[in-house]
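K.L.:
Letter by letter, the chains look like this.
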Amino acid sequence: MPTEWSFRAITRALLPVLTVLTLVELGSGFVLGSFEATLLRYPALLVLVPVTIGTAGNLGSVLAARLSTAFHLGTLSFSPTDDTLAGNAVATVGLTLTVFPVVGAGAWGLTALTAGSGLGLPTVVLVATASGAVLSVLAVAVTIVATYAAYRFELDPDDIVIPVVTNVCDVLGVLVLFGVVRIVV
Amino acid sequence: MSRGAMDGPRSDGRGAGVVLGGMREELRAVSGLLVLVPALLATRGNVYSSLGARIATALHQGLIEPRVRGGDPRLRSAVAASIANGLLASAFAATVAYVVLWSLSASPASFATLVGIAVLSGLLSGVTLSTVVVLAVFAGYRRGYNPDTLVGPLVTTTGDVFGIAYLLLAVRIVLALGGG
Numbered sequence: 007m008p009t010e011w012s013f014r015a016i017t018r019a020l021l022p023v024l025t026v027l028t029l030v031e032l033g034s035g036f037v038l039g040s041f042e043a044t045l046l047r048y049p050a051l052l053v054l055v056p057v058t059i060g061t062a063g064n065l066g067s068v069l070a071a072r073l074s075t076a077f078h079l080g081t082l083s084f085s086p087t088d089d090t091l092a093g094n095a096v097a098t099v100g101l102t103l104t105v106f107p108v109v110g111a112g113a114w115g116l117t118a119l120t121a122g123s124g125l126g127l128p129t130v131v132l133v134a135t136a137s138g139a140v141l142s143v144l145a146v147a148v149t150i151v152a153t154y155a156a157y158r159f160e161l162d163p164d165d166i167v168i169p170v171v172t173n174v175c176d177v178l179g180v181l182v183l184f185g186v187v188r189i190v191v
Numbered sequence: 018m019s020r021g022a023m024d025g026p027r028s029d030g031r032g033a034g035v036v037l038g039g040m041r042e043e044l045r046a047v048s049g050l051l052v053l054v055p056a057l058l059a060t061r062g063n064v065y066s067s068l069g070a071r072i073a074t075a076l077h078q079g080l081i082e083p084r085v086r087g088g089d090p091r092l093r094s095a096v097a098a099s100i101a102n103g104l105l106a107s108a109f110a111a112t113v114a115y116v117v118l119w120s121l122s123a124s125p126a127s128f129a130t131l132v133g134i135a136v137l138s139g140l141l142s143g144v145t146l147s148t149v150v151v152l153a154v155f156a157g158y159r160r161g162y163n164p165d166t167l168v169g170p171l172v173t174t175t176g177d178v179f180g181i182a183y184l185l186l187a188v189r190i191v192l193a194l195g196g197g
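Chains as they are written, first to last, in this note's numbering: chain G, 7 to 191; chain U, 18 to 197.
Just so you know, the hints here were simulated from the structure itself, not pulled from any lab data.
Hints may contain errors.
Said to hold, decoys possible - Cβ pair distances, simulated, as ranges: (1) G:H78 - U:S124: 26 to 36 Å; (2) G:V191 - U:R45: 49 to 59 Å; (3) U:A108 - G:P128: 26 to 36 Å; (4) U:P170 - G:L29: 44 to 54 Å.
Said to hold, decoys possible - Residues from chain U that keep clear of chain G, each with C-beta distances beyond 10 Å, as calculated: (5) L51; (6) G79; (7) V151.
Said to hold, decoys possible - Selected chain G positions facing chain U (Cβ under 8 Å, derived; list incomplete): (8) L21; (9) P22; (10) G39; (11) H78; (12) L79.
For every residue, glycine included, the Cβ atom is placed at its ideal position computed from N, Cα and C.
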């Protein structure tokens with residue numbers, strides 16, 4: 007049943023979800039705040055923040071859209087040997103491993119041109135690639151669990167999975183970046 | 018609802034990143050601003066993709082006409098509700114961030130500064146994003162595109178770029194007005 011198009015009805019449908027998602031996102035904000043000094047010292051890492059956040063959500067939501075469609079078509083079974091499931095998972099990780107080194111080099115190049123990056127090219131590429139590798143595995147896991155949960159609770163994965171995956175992956179993106187920066191830099 | 022081509026969101030994520038990388042002065046001047054960045058950007062995406070999806074569904078069902086002129090009252094209330102909810106969520110994020118940072122004695126910028134930046138950037142990006150979403154979905158629909166596939170990539174792209182650009186503008190305005 008679609009929401010009635012009145013100010014009050016839309017607010018009643020939207021505001022509770024929005025409040026919860028805002029709290030989730032603030033969680034990743036506090037993690038960012040805890041390594042603010044490092045980020046401000048090395049602007050190349052600051053450039054990676056929106057990229058990592060956005061890409062984790064994008065990877066997850068593209069996989070979620072594919073899995074939801076396969077699920078509706080009845081071509082998906084939740085088993086490790088399932089071709090659709092394994093193929094999409096491997097493709098997502100492979101895509102990340104090819105794209106994130108380029109993202110890292112791009113972030114380094116752009117800050118070197120504008121502000122001075124403060125870190126060497128290999129370090130920034132390593133941070134980007136390692137974050138991407140860990141994130142893609144986590145994004146695949148979160149997406150598969152969320153799609154499976156939607157299926158078990160008889161909810162339409164199209165409605166549930168993408169908002170959950172984008173917001174959870176936003177937070178995971180910051181956490182993984184934080185972990186990798188602590189180890190590498 | 019897919020978020021569209023992989024390349025679009027990623028490349029403008031980098032555009033937003035460069036602006037953020039150039040915001041070091043502002044981030045230093047307003048302590049606690051960095052904590053707000055993910056929540057404010059995500060609010061733009063959540064609110065205006067919901068608005069876009071609502072308009073797309075209504076077009077499919079024939080509930081509204083793809084015309085801005087004449088001003089369908091339901092369209093006006095949907096846009097007003099989106100902007101108001103975006104502002105409420107932004108102010109809520111700033112309040113929670115301030116209270117938590119203050120209770121951790123992390124000495125954040127003043128409450129008025131953080132809420133002012135959140136609300137001002139929310140208002141600027143709200144007006145821009147609802148205009149972009151309504152006009153682009155209507156134009157796409159009239160040309161025979163499925164509005165459902167337009168909304169996701171459109172909102173992620175414009176949301177990230179305008180979200181971070183208006184955040185920078187709002188910080189500068191609030192600082193010029195004497196916040197800090």
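K.L.:
Work down the list of hints and note, for each, if the structure agrees.
P.N.:
Going through the hints against the structure:
{"no.": "1", "hint": "G:H78 - U:S124: 26 to 36 Å", "result": "violated, 52 Å"}
{"no.": "2", "hint": "G:V191 - U:R45: 49 to 59 Å", "result": "violated, 19 Å"}
{"no.": "3", "hint": "U:A108 - G:P128: 26 to 36 Å", "result": "violated, 43 Å"}
{"no.": "4", "hint": "U:P170 - G:L29: 44 to 54 Å", "result": "violated, 27 Å"}
{"no.": "5", "hint": "L51", "result": "violated, 5 Å"}
{"no.": "6", "hint": "G79", "result": "holds, 13 Å"}
{"no.": "7", "hint": "V151", "result": "holds, 14 Å"}
{"no.": "8", "hint": "L21", "result": "holds, 6 Å"}
{"no.": "9", "hint": "P22", "result": "violated, 11 Å"}
{"no.": "10", "hint": "G39", "result": "holds, 4 Å"}
{"no.": "11", "hint": "H78", "result": "violated, 13 Å"}
{"no.": "12", "hint": "L79", "result": "violated, 15 Å"}
Hints 1, 2, 3, 4, 5, 9, 11 and 12, counting from the list given before, are not met by this structure.
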